[in-house]
Amino acid sequence: MTSIVQNQWYVAAYGREVGRDLFSRTICGESILFWRTEAGEVTAMSDRCVHRRFPLSQAPSHLVGDTVVCGYHGFTYGADGGCVAVPGQTRVPRTARLKSYPVLEQDSFVWVFIGDAATADATQIPRAPWLDQEGYATVSGMEPLAARASLLVDNLMDLSHETYLHGGYIGTPEVANTPITTEVDDEAGVVYVSRHMDDADCPPFYARSTGIEGRIVRWQDIEFHPPCLYLLHSRVAPLGVLPNPDGTDPGGFHVEVVYAITPETESSTHDFWAVARDFALDDEGVSDFLRESNRTVVLQDVVALDVLENVLTGEPDGYQELSINIDTGGLAARRIIARLAAEGRGETAVVPARTPAVTR
Amino acid sequence: MTSIVQNQWYVAAYGREVGRDLFSRTICGESILFWRTEAGEVTAMSDRCVHRRFPLSQAPSHLVGDTVVCGYHGFTYGADGGCVAVPGQTRVPRTARLKSYPVLEQDSFVWVFIGDAATADATQIPRAPWLDQEGYATVSGMEPLAARASLLVDNLMDLSHETYLHGGYIGTPEVANTPITTEVDDEAGVVYVSRHMDDADCPPFYARSTGIEGRIVRWQDIEFHPPCLYLLHSRVAPLGVLPNPDGTDPGGFHVEVVYAITPETESSTHDFWAVARDFALDDEGVSDFLRESNRTVVLQDVVALDVLENVLTGEPDGYQELSINIDTGGLAARRIIARLAAEGRGETAVVPARTPAVTR
Amino acid sequence: MTSIVQNQWYVAAYGREVGRDLFSRTICGESILFWRTEAGEVTAMSDRCVHRRFPLSQAPSHLVGDTVVCGYHGFTYGADGGCVAVPGQTRVPRTARLKSYPVLEQDSFVWVFIGDAATADATQIPRAPWLDQEGYATVSGMEPLAARASLLVDNLMDLSHETYLHGGYIGTPEVANTPITTEVDDEAGVVYVSRHMDDADCPPFYARSTGIEGRIVRWQDIEFHPPCLYLLHSRVAPLGVLPNPDGTDPGGFHVEVVYAITPETESSTHDFWAVARDFALDDEGVSDFLRESNRTVVLQDVVALDVLENVLTGEPDGYQELSINIDTGGLAARRIIARLAAEGRGETAVVPARTPAVTR
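Protein sequences appear in the order of chains P, L and C.
So for the first sequence, this note's numbering puts the first residue at 1; every next one is plus one.
So for the second sequence, this note's numbering puts the first residue at 1; every next one is plus one.
So for the third sequence, this note's numbering puts the first residue at 1; every next one is plus one.
Think of the hints as simulated: they come from the structure by calculation, not from any bench.
Not one of these hints is a red herring.
Just so you know, same-sequence chains aren't split out, so a pair can sit in one copy or run between any two.
Mimicking EDC-like on lysine to aspartate or glutamate, the simulated pairs with C-alpha atoms at most 20 Å apart in a straight line are:
id, residue 1, residue 2
1, 99, 315
2, 99, 317
3, 99, 41
4, 99, 321
5, 99, 121
Construct the complete structure from the given sequences, taking the supplied hints into account.
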């Protein structure tokens with residue numbers, strides 16, 4: 001039985017990755033073929049020919065207009081996955097049809113629905129509007145992770161690790177030392193974790209991009225929409241500079257850090273990351289710096305999580321981990337994901353609203 | 001339980017591969033040691049010393065006259081597999097004997113019998129006489145395939161794939177477009193598939209080797225002897241040139257394409273291929289061209305089938321493929337192989353004479 | 001169920017390998033972290049942080065004084081494995097403690113106890129005093145073996161393989177041809193195998209190191225303390241030169257060859273080897289020669305045993321090996337190891353005192 005949550009939208013790609021070349025990616029264990037029609041629409045269908053399961057993304061398979069031709073025996077499919085031609089006979093079997101996936105291009109991402117397509121509702125997709133919005137400059141990428149998605153969820157929900165794993169990049173002593181507040185909206189299925197540091201060292205990531213010298217106000221407000229979309233609303237400002245009472249914030253620098261956590265298989269993950277900022281919009285030097293810095297940070301996570309996946313694989317049954325206050329948000333995320341997984345399997349969720357998991 | 005058909009002869013090697021160096025190859029999951037006696041006879045015995053299972057093909061094991069000496073502790077065996085010397089004592093235990101395999105050198109191949117040696121009957125081995133016959137020039141090779149043997153059987157029984165996978169080498173549009181006729185001799189266990197194209201493009205494989213310019217008559221007559229030997233009787237001729245009523249065919253060019261499909265393990269295969277022609281016998285340029293062309297074509301298959309093996313391995317249970325008319329020969333081959341496998345396990349075959357598998 | 005013997009001391013490292021850098025090695029399937037305190041004591045504790053199981057040997061984990069700081073979230077542990085600091089809160093959960101291992105530095109080795117620490121008794125550790133004793137010069141190393149420990153035990157207990165696998169290095173025809181005598185002290189759990197060659201070729205290993213020309217007296221006296229420590233007391237002397245009646249032996253050259261056979265996992269082994277000699281003590285050329293020669297010999301074993309591990313893995317159930325007189329010592333070692341394994345699992349040993357295993 002898969003541990004991957006079914007009946008959910010997942011980020012499959014950046015829109016820029018899908019064009020008139022056949023593009024394949026495994027999402028939640030399913031090999032999916034993506035291509036754009038001549039009119040520019042993204043299509044998503046099974047990457048297995050119905051005949052002898054040859055991958056339609058594998059050369060010499062190719063597009064002819066708005067059809068894809070299998071490179072093994074020439075079975076040909078339209079944009080909706082229906083077969084339109086087979087070799088050696090004129091009649092096409094009526095059951096010859098590729099599985100087609102609900103797909104939506106939004107906020108620079110290609111979202112795909114995994115599960116029972118009849119239940120797909122694109123209005124449920126959480127938003128990350130900054131990624132292609134006027135007033136923001138964005139850098140982004142994707143790193144493959146040889147680790148299960150839950151390890152990346154744990155990682156991102158507990159930013160105290162920035163101090164140790166990402167010291168010299170985005171971590172400073174204050175991150176690990178400052179207590180967090182956690183809120184869980186069980187109905188909406190969203191976890192909020194906040195850490196407001198009012199007098200903190202400024203790590204290079206923010207010092208070089210904002211130009212602030214000296215200590216800073218640094219706020220981290222996490223908003224996680226399980227299972228896939230993680231938003232970190234980050235605000236930095238010179239010491240003492242706070243938003244106005246009316247909510248406007250001309251003295252603050254805002255960075256929206258977005259992660260999409262998409263299972264590739266049970267034990268590997270597509271780690272999509274994006275950094276949108278509302279300052280230095282036209283400064284390519286800042287863009288280059290943030291792209292390189294964030295990629296470096298993500299790769300530090302990749303190394304650590306790949307190691308943890310190996311550790312998990314070799315671990316004896318019944319291994320017990322120990323959790324403390326910093327883990328409150330991560331444990332809440334696990335609870336919601338377990339509930340979504342049960343719902344995705346058609347079970348009534350029996351996960352308690354609050355599991356006592358932090359060791360006192 | 002193995003899916004590999006037992007109590008059958010398989011091609012283990014070309015005769016030229018076996019000499020006075022110890023040669024090991026895994027055939028149907030069994031590691032077999034081959035060497036030639038001083039008199040030139042091929043021997044086949046288990047490649048595992050009876051003492052501590054050291055491979056007798058592994059250095060510093062070596063031949064001394066007509067005995068092989070184990071490189072670990074010096075156990076020594078004769079050409080019949082019987083042990084003739086052990087270290088530290090003069091008496092040789094009477095049970096010290098390697099499993100010996102029935103073996104026959106014929107048509108340039110070394111055939112070996114896998115199963116109960118008491119049932120081995122060398123007169124049952126199908127023939128491919130062209131491979132070392134006066135009047136033919138032959139090129140041949142073997143490519144290792146990281147895919148189960150049945151994928152190669154499927155591949156070779158349905159040549160419509162030449163049009164797509166081997167376009168520009170041996171495929172033209174007519175191959176995929178021309179219907180086939182299939183005959184099955186259930187008693188003899190042979191499948192025949194024919195495709196006669198009377199007005200076809202001439203692919204480079206035949207244009208450059210025969211010198212014919214313009215369109216051609218192209219006949220493909222497959223004769224498959226499951227589980228191992230596949231013969232493609234190929235005839236090409238200038239447009240309109242047919243054999244004489246008496247069967248003589250001075251205007252035709254004949255190419256005998258032979259494949260021996262030998263399982264290495266459940267999921268890997270030795271793909272032996274040979275191309276024998278009855279024209280341009282002394283033209284080394286034609287030999288070189290056909291060797292390179294056919295090897296290129298085989299390697300295109302290897303890439304495709306290795307991909308399919310990976311697909312099969314990761315596929316959910318209950319996956320259904322779809323078959324059409326072009327698959328009739330391949331489905332017949334699967335039926336006969338299933339029957340042979342049941343017989344090899346000592347079961348009464350319960351495979352129906354005709355399974356309805358083509359999708360209408 | 002593990003086949004590795006529990007409740008035993010094993011060699012984990014040479015003392016020189018453990019210092020102020022974090023050092024991790026998997027011993028009997030357990031990942032153990034080793035480091036030296038500022039006072040120079042070796043510590044041994046689990047290499048998994050109690051929080052999210054991050055390996056404490058993995059960068060950026062590091063030592064601060066006599067504590068180790070986890071590189072993921074900063075959990076900090078003392079030399080006894082107790083946690084002394086966690087991020088984001090001042091209270092440390094009282095259950096936060098790494099498993100700590102009994103450890104002893106002796107005879108140049110770091111010994112660690114695997115099993116129930118309450119039963120650890122360091123006086124039970126067998127000795128190899130020559131390795132750091134006045135009057136001996138020692139060379140040593142460790143080679144990783146991708147094979148189960150029992151294959152190395154078999155290998156070392158039956159030196160007839162020197163003639164074949166190590167011919168030209170330490171093997172001569174006399175080793176395989178000379179019968180052995182075997183004694184087993186079941187109570188102490190020690191196996192003795194002796195082979196005294198009174199007129200033998202001198203292999204390069206001894207010819208170049210001792211300077212003896214011509215044939216030699218060569219005695220091999222094995223003393224194996226299962227499961228871990230193997231001692232080969234080797235004596236060579238010019239032809240006819242024997243020890244004095246009072247046991248003194250001024251005319252003999254003595255080499256103490258020591259192996260520690262430590263399981264890394266069920267199917268891999270740390271192959272520690274050392275060669276101590278009582279002659280040419282200050283001759284660096286002899287040290288270099290013996291180091292290179294013995295390492296070459298060990299690597300010949302590594303190649304052979306890695307092959308055997310692969311053979312074992314792919315072998316059908318019920319495979320029977322054949323044993324002869326030379327295997328008497330190895331079979332005795334297997335019996336004692338089986339008894340120790342049963343004791344380690346808390347079972348009453350039911351292994352017969354003498355299993356009839358040699359084929360007549």
